[in-house]
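Residue numbers (our numbering), protein chains in the order written: chain A, 1 to 331; chain U, 1 to 331; chain G, 1 to 335; chain S, 1 to 335.
Honestly, the hints are just simulated from the structure, not real lab data.
A couple of the hints might just be wrong.
In silico DSS-like pairs for lysine-lysine, Cα to Cα no more than 27 Å straight-line [unchecked claim]: (1) K30/A x K168/G; (2) K29/G x K50/U; (3) K29/S x K50/A; (4) K50/U x K29/S; (5) K29/G x K188/U; (6) K50/A x K29/G; (7) K47/A x K188/A; (8) K29/S x K188/A; (9) K168/G x K55/A; (10) K29/S x K47/A.
Here are some, though not all, of the chain S residues that point toward chain A, as calculated from beta-carbon distances under 8 Å [stated by the list, open to error]: (11) P56; (12) K95; (13) M99; (14) H100; (15) I114; (16) G150; (17) T184; (18) A187; (19) Y189; (20) V215; (21) E313; (22) R317; (23) Y318; (24) G332.
Pair ranges (Cβ atoms, derived) [unchecked claim]: (25) A276/G x D28/A: 50 to 58 Å; (26) T8/A x V207/G: 57 to 65 Å; (27) E9/U x A30/G: 31 to 39 Å.
Glycine included, every Cβ here is placed at the ideal spot set by N, Cα and C.
Residues per chain, in single letters:
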Amino acid sequence: MNEQTPLTETMTMAAALNSALHLAMDADSKVLLLGEDVADPIGGVLKISKGLSTKYGRDRVRPTPIAESGIIGAAVGLALGGYKPIAEIMFMDFTTVCLDQIVNHAAKLRYMSGGHTAVPLTIRTGVGTRRFGAQHAQNLEAWFMHTPGIKVVVPATAADAKGLLMSCIDDPDPCLFIEHFDLVFTQKDEVPVGEHRVPLGQAAIRRPGDQVTVITYGTQVRTAMAAAQELAEQGISVEVIDLRTLVPLDMDTVLESVEKTRRAVVLHDAHTFCGPGAELAAQITENLWGELLAPVLRLGAGYSPVPFAAGLDFHPTADDVVAAVGQLLGR
Amino acid sequence: MNEQTPLTETMTMAAALNSALHLAMDADSKVLLLGEDVADPIGGVLKISKGLSTKYGRDRVRPTPIAESGIIGAAVGLALGGYKPIAEIMFMDFTTVCLDQIVNHAAKLRYMSGGHTAVPLTIRTGVGTRRFGAQHAQNLEAWFMHTPGIKVVVPATAADAKGLLMSCIDDPDPCLFIEHFDLVFTQKDEVPVGEHRVPLGQAAIRRPGDQVTVITYGTQVRTAMAAAQELAEQGISVEVIDLRTLVPLDMDTVLESVEKTRRAVVLHDAHTFCGPGAELAAQITENLWGELLAPVLRLGAGYSPVPFAAGLDFHPTADDVVAAVGQLLGR
Amino acid sequence: MLTTSELQDMYRLMALITATSNRACAEVKAGSLQSAFYPVRGLEGVCAALGVAKQPGDQLVSTYRSLGDALAWGSDLRRVIAEIYGRADGVCGGKGGPMHLHDTSVGYMTSTGIVGSGIPIAVGLGIAAQLDGPNSNGTGRAVVTTFGDGATSIGAFHEGMNMAALWKLPVLFLCQNNQWGEHTPIAEYAGSTDLAGRAASYGMTAVKVDGFDPVATADVLREALERARSDGGPTFVEAMTYRLTGHSGSADYSYMPAEELAAALERDPVPSFRRAMLTSGQISEADLDSIEASVAATVDDAFTFAQASPEVEGHLRYRDVFAEGASLAGMGVRA
Amino acid sequence: MLTTSELQDMYRLMALITATSNRACAEVKAGSLQSAFYPVRGLEGVCAALGVAKQPGDQLVSTYRSLGDALAWGSDLRRVIAEIYGRADGVCGGKGGPMHLHDTSVGYMTSTGIVGSGIPIAVGLGIAAQLDGPNSNGTGRAVVTTFGDGATSIGAFHEGMNMAALWKLPVLFLCQNNQWGEHTPIAEYAGSTDLAGRAASYGMTAVKVDGFDPVATADVLREALERARSDGGPTFVEAMTYRLTGHSGSADYSYMPAEELAAALERDPVPSFRRAMLTSGQISEADLDSIEASVAATVDDAFTFAQASPEVEGHLRYRDVFAEGASLAGMGVRA
Ligand SMILES: Cc1ncc(C[n+]2csc(CCOP(=O)(O)OP(=O)(O)O)c2C)c(N)n1
Ligand SMILES: Cc1ncc(C[n+]2csc(CCOP(=O)(O)OP(=O)(O)O)c2C)c(N)n1
Ligand SMILES: [Mg+2]
Ligand SMILES: [Mg+2]
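Okay, chain A solo, but in the shape it has when bound (with noise of 0.2 Å):
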């Protein structure tokens, strides 16, 4: 993107995050950040906004009680009060309770009133893992796919994190940012210092390939990756994307991978029933039949709740995308 190698510096997601915030903060005072426990002395319950109520006081960074529909609402009613709020959803699961405000309010004013309302509003959410129970770990982002008027964010990098969030910020419409916990403290990687934007509804090729395409987004493109290189030592050449935003949708870079490779798995945590898979694997078939040499494979979790115990661990595998490869070549 940038014309000069801008410096870089190796931090994890979460800290990417938090100076994403800090930098945010710091260049608009229109910025806000309102959610449970995200004032310091904690800052968060995952910490990821450390220092910022000190810095930039309660006003600014406001702990709210445990009430998510106030919480999106206030969000919405500041958005449309000139702010630029940044409300964060503790876990995912949650947007149940404040689906109405998300769905009905933030993604619809926009258009309900002809253009003449925006809601320029930032959702972060956290996905937990099995540990926390079937209630703390869904990855229900088709959710947000199927509902016309939010754009849909998932980095799976730190620098990513740091660059699509501030993209979300300053982006004049509502965007659902979603952080894996599986991510948050174990991605480490090299983040530009200072502002760094990466731009809503571009995918990036995390390794070029060509005899298959998996194509993936947040947790799985690690996954993805592994395969790719376990797959390499066999001698088998994959592309990965990640998605970086499910809506917009680059669907572009997607067909262009496929269209070279000729055949595609769709990887993800969510469920695979009715998931986003359903929906990219349609369209790449829609677009590229006639080219394709197999049909597009997805892997996502089964039809069940997400089980607790361990040993019913239900997401997808680097074992699974490497036999769906092979299944892919006739192996």
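Dock chains U, G and S with the ligands against the given chain A, drawing on the hints supplied.
Just chains U, G and S with the ligands, lined up with the frame of chain A:
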């Protein structure tokens, strides 16, 4: 299903639903109805529960405060307490204010308790039309398909409305039963007198044909039938499948038909993007690769909130179906 | 104390609201207006009081039953009616419809069709007003949100009220208590019908007022708005009225106890205010008549305008999903 | 008045809860228990009071912070701990985990991880209990739901409370007020910290009690449960305690004011009850010691049992999504 042809009567879907409710409450004193305005004299905003409170009392037919989380939560509790509640959520859009109770509780309790708690709950909900605006006309079934643990049922005929509703009430698991305002008063057909059950998970072939399969449900069954008729007049033979339930999904019937026709259109009022049609298209393609003569086409609502203005109506029409079939046949 | 000109303004507003609401219902019944319209008969006094109590710069969040609020807030009648018809000249370009009037030009920020959902949104506008502080004239901005008695049962009410009390926000929560939530009377859905008592339990000033008395209501609303503008925190006002029609434009009202409705009709805002003005001599009969005549003409004009307004053009279908420039291609919309 | 044996039962329960909670936290910190566990330190008195006040047949809806409730309700410790480990012998076969204990064999109906969501579910169980009426012995069934102070901010609380008051349901709403919602103290999230006052505004009996005093708490809970069982309607009990640990098994508590925490620790239920029993002579030192020793052994046994319990087998992944017999084939699950 039945060995002998049962006695039938012509009635509207509203009357068929009312009849199912009467029969179910009559047969089992554990069956209860709760929701806003469900009691007489009004008997529900669409009068579907007319006469029930007069006959069974307000303990069993309970008008509630405007509190959808309370309604579904109470219904879940009633189910845990040994009852078979039917909860009415006036418009499907209002599931956004009680999605937590539906998704995190009703749909998950059996699983999370390791099978110890069943939730035999039927949620009846209506889909409004454009005339109500963007917050009262959403077709959100894809969200629930993507939520393991809840069945999703959409009748297209009065007979099915009766038969499917009775099956939902009997069912040991939560069912979301979707009543389209467009059908409730205008859809009239022959409905079996007395108890009538249509099993969940069995699609119906509404019209046999052999060149193209149109897979649909709910309001769009009419559109499909109209298009099929028009196409028949042009000498094109279309098979129309009414899915009737989206969960469980009767892929056997779908695949058998498409195996024969080798061409398919999926048609619904829900948004196309990440909608039910994506899942159908993906499964058909995965299963019938090499058999299909063309990619599965999807027809649904476009990517925008529901517009109020008449000129912007964005649901598929019979003309769209005719055009899609033409495209599949290379005309 | 209200001036004569304010009293006249109130009368004009009330008469306008009654006439517009009745006309819209008649059009719905005649089949010439195909939209879900919610009459505002019974609320005229509360809305008129709001109209005189508000100040420029104040902001409003209303509901589906918003006609009276919109007129009180100064929205253009022609464009409001055009919106109800879903036409190109509507305040929302026809995309919103009667449940979703918006008119930011007068500070009418949004309307919601989801019962109670406007309350947290008003809280957010209240935070914005509080953060912005007083304007150059030294006055703060107040935020008003209207909702029905039935809305006090839903979670969003509770969440928003607590936040407003906690942060002492400049918000007026105006409960238009018409004693009914659709077809269910208040006693059948409320554990206690003292709604003001609920508001007080959050630590908020809470006042009950006779909403059929526009003068008393205006006093209470002025005081509440003054409190808001001078950083004195939120107020909950429970304006007691009665729904003088069915729930929606087409609905029957057979289920409403006849005596109760008859008693309420005795207090129908426009005729009672007229009587009061004549008795006290504050407005002359000639002035009242002339107001009524001008109202009738205005309403006719607005409906004529709306009916003549063009249908919305199909190419606008995907405009305003996002701000201009965002591509919808990946979501299947061809440019 | 509690009997000596009841006092002993309470002490046993309190000691068991403290020991189990501490052990689970230690296992989490050691990395040997990989699960989101929420300690119950500070609630021992409230839970023990509930344990003696409840009667067989009463039903419970709890939260993620449920260990004390589960033990009060008579769940088997071994199987509860096995569930916390996600093992095959867990009360939910390992599928629920610590936030989702269920044990219908003792009337422990469900636990929710979504703050406040248990309240409407308890309302439904209350309707069921009311409809079922008294059992053959002439006694009704009471439903208890526990939740924290922070849960009173969310919509579900409001919706459920109004329904319970409206329908006079046999439900005890037991607010375990530990003064914190995660890392935020009550004064920072509540417009008014008088939570009982909110309950009263729905027209419900509302009582505050010192939750560090198990005897006083047991009296209040007994009365409330009696009221419920005899069709006297719901009660809201605000049991005032303090959270004696961080929010979760692993969390720090650096953000809690040190003096406040120290003052609360002075009232730590187990040692204070022990002192009180010794002072009053109601339980002898030998008896207290023997209770403690047996508790320690029980806890050891339960953790040993749980750790030895097998992992859940993969073939159970898709069992219990629906009742047996429903096909998952169309949703992509191969039989
Ligand atoms: C969340 C939600 N539930 C139900 C409805 C359907 N509904 C529309 S208006 C209404 C009654 C509202 O009563 P009240 O708040 O007293 O306002 P009123 O209509 O009397 O002005 C109901 C139940 C809705 N729009 N939103
Ligand atoms: C709807 C929802 N919002 C947020 C959370 C995250 N969360 C879990 S516990 C908790 C604090 C709850 O405080 P309180 O109700 O006082 O109970 P306590 O934990 O103190 O026992 C929060 C915010 C949640 N589980 N559910
Ligand atoms: Mg009302
Ligand atoms: Mg607490």
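**Study point:** Given hint G150/S near chain A, where the shortest CB pair must fall under 8 Å
**Key:** Holds, because the Cβ-Cβ distance from G150/S to chain A comes to roughly 5 Å (cut-off 8 Å).
Review point. CA of K47/A to CA of K188/A, is that 27 Å or under?
Key: Roughly 16 Å between the alpha carbons, so the hint for K47/A and K188/A holds.
Check your understanding: When the nearest CB of chain A is found for G332/S, is that gap smaller than 8 Å?
Key -> Since chain A brings a Cβ to about 5 Å from G332/S, closer than 8 Å, the hint holds.
Exercise for review: Quickly compare the C-alpha distance for K29/G and K50/U to 27 Å and report which way the hint goes.
Suggested key: holds (23 Å)
Review point. Can A187/S be said to touch chain A, with a Cβ gap under 8 Å?
Key: violated (11 Å)
Check your understanding: Taking the least C-beta to C-beta distance, is Y189/S closer than 8 Å to chain A?
Key -> Because about 4 Å separates Y189/S from the closest Cβ in chain A, which is inside the 8 Å limit, the hint holds.
Exercise for review: Let me know if the C-beta of E313/S comes in closer than 8 Å to any C-beta of chain A, holds or violated.
Suggested key: holds (6 Å)
Review point. Hey, K168/G versus K55/A, does the alpha-carbon distance stay inside 27 Å?
Key: holds (23 Å)
Review point. Is it true that the CA of K29/S sits at most 27 Å from the CA of K47/A?
Key: Answer holds: K29/S to K47/A is near 19 Å, not above 27 Å.
Check your understanding: Straight-line Cα separation of K50/A and K29/G no greater than 27 Å?
Key -> violated (59 Å)
Review point. If you take the shortest Cβ to Cβ gap from I114/S to chain A, is it below 8 Å?
Key: holds (6 Å)
Check your understanding: Does V215/S meet its interface restraint, that is, does its C-beta lie within less than 8 Å of any C-beta in chain A?
Key -> With a minimum Cβ separation of about 31 Å from chain A (threshold 8 Å), the hint on V215/S is violated.
Against the hints set out earlier in the document, violations occur for numbers 4, 6, 11, 18 and 20.
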